[in-house]
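Given the coordinates of chain X, work out where chain S should sit on it, guided by the hints.
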Amino acid sequence: MLRAEIELELDDFSLDVRFSMQNEVLALLGPSGAGKTLTIASIAGLQHPQRGRIEFDGDIWFDSATRRRVRPQNRGVGIVFQNYALFPHLSVRQNVAFGLKRVPEGERRQRVRRLLEEMRLEGLEERRPQELSGGQQQRVALARALAPRPRILLLDEPFAAVDATVRMRLLDLVREVHETHRIPIVLITHAIEEAYALADRMAVLEQGKLLQIGPTDEVFRRPVSHRVARIVGTRNILNGTVVDRVAEETRRTAETRKAAAREMRPSGSRVRTEGGLELEIAEPYPVGTPITLCMRPSRLDVVTATGAVRGERRTAIGLVAARVERVQSTGDRYELLLQPTPHGERLEVELSADAFARRRVEPGGEVRVAISHDAVHSFRNEYPAQRLEDARAL
Amino acid sequence: MSASELFPVFLSLRVSTIATVIAVLVGIGPAWLLANKRFPGRNVLDAVITLPVVLPPSVLGYYLLLLIGRRGPVGSWLEQVFGLRLVFTWQAAVIAAVVAAMPLFIRAARAAIEDVDPTLVGAARTLGRSELAVFLRVVLPLAWRGVLAGVVLCWARALGEFGATLLVAGNIPGRTQTMAIAIYDAVQAQDMARANALVVILTAISVVVIVLLNQLGGRHDAYRSRGGR
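Those sequence lines, one after another, are chains X and S. In terms of this note's numbering, the first sequence is residues 1 to 394. In terms of this note's numbering, the second sequence is residues 1001 to 1229.
Treat the hints as calculated values from the structure; they're not laboratory data. Just so you know, even glycine gets a beta-carbon here, dropped at the ideal spot from N, CA and C. The reader is advised that the hints may include incorrect statements.
[As the list claims (entries may be wrong)] Derived pair list, reagent style SDA-like, types lysine to any residue, alpha-carbon separation capped at 20 Å:
id, chain 1, residue 1, chain 2, residue 2
1, S, Lys-1037, X, Glu-9
2, S, Lys-1037, S, Ala-1133
3, X, Lys-101, S, Gly-1122
4, X, Lys-101, X, Gly-76
5, X, Lys-101, S, Leu-1136
6, X, Lys-101, S, Glu-1131
7, X, Lys-209, X, Arg-230
8, X, Lys-101, S, Pro-1141
9, X, Lys-101, S, Ala-1133
10, X, Lys-209, X, Arg-3
11, X, Lys-209, X, Phe-13
12, S, Lys-1037, X, His-48
13, S, Lys-1037, S, Leu-1055
14, X, Lys-101, X, Asn-74
15, X, Lys-101, S, Leu-1132
16, X, Lys-209, X, Met-21
17, X, Lys-101, S, Arg-1137
18, S, Lys-1037, X, Asp-11
19, S, Lys-1037, X, Gln-73
20, X, Lys-101, X, Glu-125
21, S, Lys-1037, X, Ser-91
22, S, Lys-1037, X, Glu-125
23, X, Lys-209, X, His-48
24, S, Lys-1037, X, Lys-209
25, X, Lys-209, X, Arg-67
26, S, Lys-1037, X, Leu-10
27, X, Lys-209, X, Arg-18
28, S, Lys-1037, X, Arg-67
29, X, Lys-101, X, Ser-91
30, S, Lys-1037, X, Lys-101
31, S, Lys-1037, X, Arg-18
32, X, Lys-101, S, Val-1121
33, X, Lys-101, S, Val-1134
34, X, Lys-101, S, Leu-1140
[Stated by the list, open to error] To spell it out: a stretch of chain S is covered by chain X in this simulated footprint if at least three of its residues, at any positions, have a beta carbon under 8 Å from a beta carbon of chain X; those stretches are:
id, region
35, 1121-1129
36, 1132-1141
The shape of chain X in the complex, shown without the other chains (with noise of 0.2 Å):
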């Protein structure tokens, strides 16, 4: 549906990204000055960019090689500004309305109706913007951007000025809209909950360069880079180098030790972290390639000093003795801060409650950290040795 390529340069930045979606949700997720914003600008036709092309479903909105530009009235773009950019001077219904000149009166009329119904925004229709809420201002931007029927709908971080329980509300109502009205929608965000929840994929996108783009769940787990694993707020992040190589029978349990022992072949690397820990993980690299290993805290278990290591946690790849620095509760949920015993970098665990309850884990207690194959997720470092350092100091 669209195909974007974008080389945009400003005085002090340059952009340089290439994606294309179909009818899905995209979040282009990233920090501020990513770039997320001048992005779907090219795509609205708001910004020219030096070079690219920009295609929608067939019609070329920008070419640079032809210099083609279709203008932001002709391209059918429905975006939600930032600060929503309603009309300060127009009522809610004068706002919605704004972009339906060319519908005749009587269907005007239902279709702001109807929208502002969707919205549930009856009752506001002569409120200048500013007697409004963040969130009801939110709903009149979404209903004007959705009145002339949009082809594609851009959202600029619509989430950023609302509080939480009025994020949740029109999150559903962005879900709604994509069900709805069946159009693609790009939302720009730096909240990785919110890519998680609305997005279908996923586009990371720091200092102008696209980092990572696949589906939502996909980029979450297994993040390419150092940067991108930040950015999607990966918790428990190592860099390491690969010592060794694994043979396939250490890394089986004993129930399988006869079997794998007949097909010794190696498999898998073992891996010394920058703070001295030492993992088995199941992709084989060459001895020296330095290393990120990405752990999530949910994929991890803990079992106390003494006992014993039992079911499903006999699978671990790893058994860390670690000191338990730090428990946080988030209701249903239990955060714990390990420090590996005698050294090593600090993990973060998180437990159920109920899980938490079971192991009896307690600050400044003795525990191990059960670390099962598919937590561990890992990539050759695109960093050299040096530059880790600045890396981390992000």
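Coordinates of chain S only, in the frame set by chain X:
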């Protein structure tokens, strides 16, 4: 004061009002252009528009005289084609007032237009409205205070125009003698009563203008301070 003594008052009001209407109609386009567009020659246009503010009025009048005088390019053409002579008519006073006062309108209008949040303009564009509709329905309603302040400023400057007017329209009592020139004339003739009357009138008008400008300026940001950002 007799009708003939009041003539300069009515002439000045007529000249400055017509000049202001012309300045607004001619100036709003360049004001919008300078506020919104980057184009080659933009700085030149900006400089040409600013020049009359900086030039001494007599120099401005001299240039105008070269242009619309009987031997000037515009003046000789007008005379040949239409049989018109501009110099030393009240219409020449209008031209002098337009040239001297229009920059004030353009600068104020441009600043007011630049003050309008560009995202609002962008939003209006993506909603499919023409550039003219965007200007009339969004930019002007949000910038009108600043634009109106420019109109008032322009009118006040036109009302008090002296140097350029004297050079191109002269000082013909009952025909081209505006208030500012009449004051000069009265002082030259030691007619202090006439000078006093005209000075009082001009001062009163100036005070009203200042009050008006303060009113316009004071609520200039009303929308922005209330709008929840």
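Status of each hint after checking the structure:
1. S/Lys-1037 / X/Glu-9: With a Cα-Cα distance of about 18 Å, the restraint between S/Lys-1037 and X/Glu-9 holds, given a limit of 20 Å.
2. S/Lys-1037 / S/Ala-1133: Answer holds: S/Lys-1037 to S/Ala-1133 is near 17 Å, not above 20 Å.
3. X/Lys-101 / S/Gly-1122: holds (17 Å)
4. X/Lys-101 / X/Gly-76: holds (14 Å)
5. X/Lys-101 / S/Leu-1136: holds (14 Å)
6. X/Lys-101 / S/Glu-1131: holds (13 Å)
7. X/Lys-209 / X/Arg-230: It holds: about 15 Å lies between the C-alpha atoms, which stays within 20 Å.
8. X/Lys-101 / S/Pro-1141: The hint holds at about 18 Å.
9. X/Lys-101 / S/Ala-1133: holds (10 Å)
10. X/Lys-209 / X/Arg-3: At roughly 16 Å apart (the allowed maximum being 20 Å), X/Arg-3 and X/Lys-209 satisfy the hint.
11. X/Lys-209 / X/Phe-13: The hint holds at about 11 Å.
12. S/Lys-1037 / X/His-48: At roughly 13 Å apart (the allowed maximum being 20 Å), X/His-48 and S/Lys-1037 satisfy the hint.
13. S/Lys-1037 / S/Leu-1055: Violated: S/Lys-1037 and S/Leu-1055 sit about 27 Å apart, past 20 Å.
14. X/Lys-101 / X/Asn-74: Measuring from Cα to Cα gives roughly 14 Å; hence the hint holds.
15. X/Lys-101 / S/Leu-1132: Answer holds: X/Lys-101 to S/Leu-1132 is near 13 Å, not above 20 Å.
16. X/Lys-209 / X/Met-21: Roughly 17 Å separates the two Cα atoms, so the pair holds.
17. X/Lys-101 / S/Arg-1137: Distance of about 12 Å is within 20 Å: holds.
18. S/Lys-1037 / X/Asp-11: The hint holds at about 18 Å.
19. S/Lys-1037 / X/Gln-73: Distance ~17 Å between S/Lys-1037 and X/Gln-73 Cα, so the pair holds.
20. X/Lys-101 / X/Glu-125: holds (18 Å)
21. S/Lys-1037 / X/Ser-91: violated (29 Å)
22. S/Lys-1037 / X/Glu-125: The given pair, whose Cα atoms are some 35 Å apart, is violated under the 20 Å limit.
23. X/Lys-209 / X/His-48: This hinted pair holds, its Cα atoms lying about 17 Å apart.
24. S/Lys-1037 / X/Lys-209: violated (29 Å)
25. X/Lys-209 / X/Arg-67: With Cα atoms ~24 Å apart, X/Lys-209 and X/Arg-67 exceed 20 Å; violated.
26. S/Lys-1037 / X/Leu-10: The given pair, whose Cα atoms are some 16 Å apart, holds under the 20 Å limit.
27. X/Lys-209 / X/Arg-18: holds (9 Å)
28. S/Lys-1037 / X/Arg-67: With Cα atoms ~19 Å apart, S/Lys-1037 and X/Arg-67 stay inside 20 Å; holds.
29. X/Lys-101 / X/Ser-91: holds (16 Å)
30. S/Lys-1037 / X/Lys-101: violated (25 Å)
31. S/Lys-1037 / X/Arg-18: violated (28 Å)
32. X/Lys-101 / S/Val-1121: It holds: about 16 Å lies between the C-alpha atoms, which stays within 20 Å.
33. X/Lys-101 / S/Val-1134: holds (12 Å)
34. X/Lys-101 / S/Leu-1140: Given pair X/Lys-101, S/Leu-1140 holds - Cα atoms ~18 Å apart, limit 20 Å.
35. 1121-1129: holds (count 8)
36. 1132-1141: The restraint on the region 1132-1141 of chain S holds, since 4 of its residues have a Cβ under 8 Å from chain X and three suffice.
This entry does not satisfy hints 13, 21, 22, 24, 25, 30 and 31, going by the numbered hints stated previously.
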